[in-house]
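Numbered as in my numbering, the sequence shown ends at 152 without a single skipped number.
These are computed hints drawn from the structure, not numbers from a lab. The reader is advised that the hints may include incorrect statements.
What the hints assert, rightly or not - For lysine to aspartate or glutamate, the following EDC-like pairs were computed, each having C-alpha atoms within a straight-line distance of at most 16 Å:
#1 LYS72 to GLU126
#2 LYS72 to GLU58
#3 LYS72 to ASP111
#4 LYS72 to GLU102
#5 LYS72 to GLU60
#6 LYS72 to ASP115
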Amino acid sequence: MKTMLTVLPLFIILSYLFLYLPSSADMSNQYVENGFVVNIAPEYRDIICPVFNNGELETGVAEIDQLIGKYGIYRFEREFPASERYSNTSVDLSGYYIVEFSPLHRLEDVINDFSSCCCIEHVERIGVCPVFAIYPDDPLFSEQWYLDSE
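Sequences are here, hints too, so could you generate the full structure?
Given below as structure tokens:
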């Protein structure tokens, strides 16, 4: 019995290490391949206004417009459209923009060029978080008539 109590926790720990850890390690570096988020520096937030002019995306900031042409950027829009600029910059979300570009370019190259822009405060990758199947612990879950069975 004493051996069983020693072996069982060891078996559980090893099962966890072999089954869970390799799968979670593979998912730690998943990012959107052709998109990222930029935070515009506060002094440029009032200037920037992304519009399409003759089929070309323009922001009103020459440095960003050059990168838009270089990387074939086709989406440059606010991440939080309803956010307003506040005097307290710690809660200001008005400078965050989602950027999507042509898949012909590498994400690292585009991020490096945007990071070196003086009008960009910082650049963030967009992480992909997989959703796992969740099984309810209610044994009568399938008997609940008000839940959609399909």
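Hint-by-hint comparison with the structure:
no.	hint	verdict
1	LYS72 to GLU126	violated, 20 Å
2	LYS72 to GLU58	holds, 12 Å
3	LYS72 to ASP111	holds, 11 Å
4	LYS72 to GLU102	holds, 13 Å
5	LYS72 to GLU60	holds, 12 Å
6	LYS72 to ASP115	holds, 10 Å
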